[in-house]
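> These are the residues of each chain, in order.
Number of protein chains: 2
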Amino acid sequence: MTATELWQWDAADLAPAIRSRKVSSFDATVAVIDRMHAVNPKVNAVVRDLSDEALTAARAADEAVRRGDRLGPLHGVPVTIKENIDQIGLPTINGIVAFKDLTATEDSPPVVNWKKAGAVIVGRTNTPAFSLRWHTDNDVHGPTLNPWSKARTSGGSSGGASAALAVGIGPLAHGNDYGGSIRYPAYTCGLAGIRPTMGRVPAFNRTSSVERSPSNQLMAVNGPLARRIRDVRIGLAAMAGCDARDPIWVPAPLDGPPAAAPIRVALVVQPKGQYTHPAVADAVRKAGKALADNGYAVEEVEPPSFEAACQVWRKLVFTETRHLTLESIEKLGDAQARKSAGLWLQLQPDISLKEYMQTLAEVLTHRRAWAVFMETYPLIVGPTSGDLPFEVGFDHKDAETFRHVLDAQALMTVVNMLGLPSAAVPVGTTPVPDAPKGLPLGVQIIAPRFREDLALDAAEIVEAVHGISTPIDPVW
Amino acid sequence: MTATELWQWDAADLAPAIRSRKVSSFDATVAVIDRMHAVNPKVNAVVRDLSDEALTAARAADEAVRRGDRLGPLHGVPVTIKENIDQIGLPTINGIVAFKDLTATEDSPPVVNWKKAGAVIVGRTNTPAFSLRWHTDNDVHGPTLNPWSKARTSGGSSGGASAALAVGIGPLAHGNDYGGSIRYPAYTCGLAGIRPTMGRVPAFNRTSSVERSPSNQLMAVNGPLARRIRDVRIGLAAMAGCDARDPIWVPAPLDGPPAAAPIRVALVVQPKGQYTHPAVADAVRKAGKALADNGYAVEEVEPPSFEAACQVWRKLVFTETRHLTLESIEKLGDAQARKSAGLWLQLQPDISLKEYMQTLAEVLTHRRAWAVFMETYPLIVGPTSGDLPFEVGFDHKDAETFRHVLDAQALMTVVNMLGLPSAAVPVGTTPVPDAPKGLPLGVQIIAPRFREDLALDAAEIVEAVHGISTPIDPVW
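Protein sequence lines, in the order shown, are assigned to chains F and E.
This note's numbering numbers the first residue of the first sequence as 1161 and each following residue consecutively.
This note's numbering numbers the first residue of the second sequence as 1161 and each following residue consecutively.
Chain F on its own, in the form it takes in the complex (with noise of 0.2 Å):
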């Protein structure tokens, strides 16, 4: 550890310094909170600042490291939650101006969990109006801007999360991924970061009006983010706990048997549909090499059924958004929503039930195949996104760059439908001429179910070899 201040700290040092009284959780938080104060008015990536619950929350982990209770595994580390899931007395806001006051009366399954593992909470992060959307703004909070480039996006939906860690605002951070947004916000700042198995993390919302949809139930998760990898299993691990609200959650243990040696990898260098720019292409296959460079028998396969596959996602998501969201969103959603939701329902003409039944029913026929591709390559590692994270505003000018966001996006989508763990680890930067440092490249590193372990130990080679250097300071 070569960090000096303590907000540059990972999660993985603090909490065994915090418990052997090495650190106070009191001075960690508060160097937490003071960088917050210093860097979050640049980023605005925390929308609720919980300085004050913070450092209650610190001094009391202090206690209890004094009174030698039985402590969990982020005793005292300091994270932020994203504000779109319930946590007690604060409203969940989504993004959303009429949910400003939609307070929740109990914290949800993730927040119970952290909080259980000692974690202390010191602020909320943004996120896009329903969540929905690869960038984060709306009009509640305003843009949360990326520390690389102003002039990119920062990620979404969770791109409050990931701004805060790129700058240093706590070493983990809370996320949830339906089509990306844990693992696109990672990538676009630099970050590490862990879609979970469908079934891995507890999800509930209390001050939610209306259940999951269908495809939600099948795609959507919660999981961390956090600048290395090692935080983001520490994080996982502490986030995975059994909670009855989530009946989706099953209890299978966080590590499987190890794999066959050589675990056999697909790489996939330019996805078959998707759009891959050039550095993006050779992030993929630098990763590839420090796989094989460590013991990993890397090939270059495409996984199966790709291009019909990208289509279940669209599809599903899509129509859901016609049928049972797009009323909410015209109605409470602010104009960058409805941009969002227009754009997305003009690229899905509407379907019978019928062809959605089928279409659902197709998920399963994905899953198997890709389940016995796994079978032969434990691992496939390919773009997180093909394209650099986009400028502002890109995903909105006009149909033909929104199409080309979402084809960029292809393996990510993928991954959501298919209900597979996926992290996502830097692989260094990129020179542009808007970013001083350059910007983040970066591959996800996708694993069988419920083997998020293969994914990390894989990310966690890459990273050792490409990973690249943050917290950072805004660059402007």
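Don't take every hint at face value.
Which copy is meant is left open, so a pair is good if it fits within one copy or across any two.
What the hints assert, rightly or not - Capping the alpha-carbon separation at 25 Å, the derived lysine-lysine pairs in BS3-like fashion look like this: (1) K1432 <-> K1202; (2) K1275 <-> K1432; (3) K1499 <-> K1557; (4) K1597 <-> K1432; (5) K1597 <-> K1275; (6) K1260 <-> K1499; (7) K1499 <-> K1514; (8) K1597 <-> K1499; (9) K1432 <-> K1446; (10) K1275 <-> K1557; (11) K1491 <-> K1514; (12) K1514 <-> K1276; (13) K1202 <-> K1597.
Keep in mind that the hints were calculated from the coordinates and are not lab data.
Keep in mind it's a predicted model, so treat the numbers as computed, not measured.
Put chain E on the given structure of chain F with help from the hints.
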């Protein structure tokens, strides 16, 4: 063990006896085959006789014992497989005339798993066309008879499996359950069985030309029937191994942590809105008393949202039948299947895409409510069916009798919708004029997800107090 004839033995006695060479698999298999040849003509339970293959397999099993091979938990034990899952080289007829030559080119996962465990398959058992009825009869093989009474149904759709077990054709039978198709035949024939948790036992039929429907993916499972709960336990463990072809399967441990003592049981004597025959209500009370006498804390309590939950199963299954299956049923089904489908659709008007999405989403609402309820009451004990095993043809008499049947099965189908595990266990018999030995009664014991162990523990107690003597000779 008091049984003298090998065909009367439980798997739990046979397997260790074969392993330790006290009994040969060959002798056990010959005994079961002889029994099959003696009584199957009366009940028509096994519709494909695999005697030759079984004798070869039994000889090989004995060889393996002699060689000192590593042996599976069902090594050398004769079993049956329902004729609606793929078994290599044999047709997956599923009660459909047009599928008489639909030959499987690979074993389905339950067959793979039982073969891996060492089971010897003596025959394939009957099922109604499309496995779509609580009674077993079709134009391919004709009706399966209930050995307790010719006038009563053997149950369905695993009615071949249950009649075979009841007369002593193997101690273990494979079945599957999308609307009670394991529990109902177990009930009508005085047997034990378990509908495992969704995701516990892998499934896949390569011969199927269409993907499993959305509600089938949420509700349909494979599992074992047996004469004794201890055999159900062995059969389940042997069937539950991973198979990549089923991405719904999850790596959850078979045994969970001990539940807090005393284990609280919600006794549902007469589920709200469900027809319940007085003898059935009495059986539920008896089961409750047996548990109370053995350390369980039993209360009469109604689980949450029962009536609304019933509607969800009907709405989803019948609507999918209308849009996805009806065409095939009309083209390929026999008159009985068409009759069933007609009665179903008469009860459920068509719904909009939006309502279908909302109903599918609502599944999670009920699953959550029950999961939270089961934090307090880990076990729910109630009727398997609310009525006595119904008279053959009663379900097809008219819309009114069909509705009566549907109402009697309410708690059974709710469990499907909830994806929960539920063990069926006999609770004595009740005298009726058409059944000289009486008709079997029984209850189901519903447990939290992946806690089949808790359901089976309780079922074993009920069985010890109220179990009935099987196998029997057909009463005519």
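> Of the numbered hints stated previously, which ones are contradicted by the structure, given in increasing order?
1, 2, 4, 5, 8, 10 and 12
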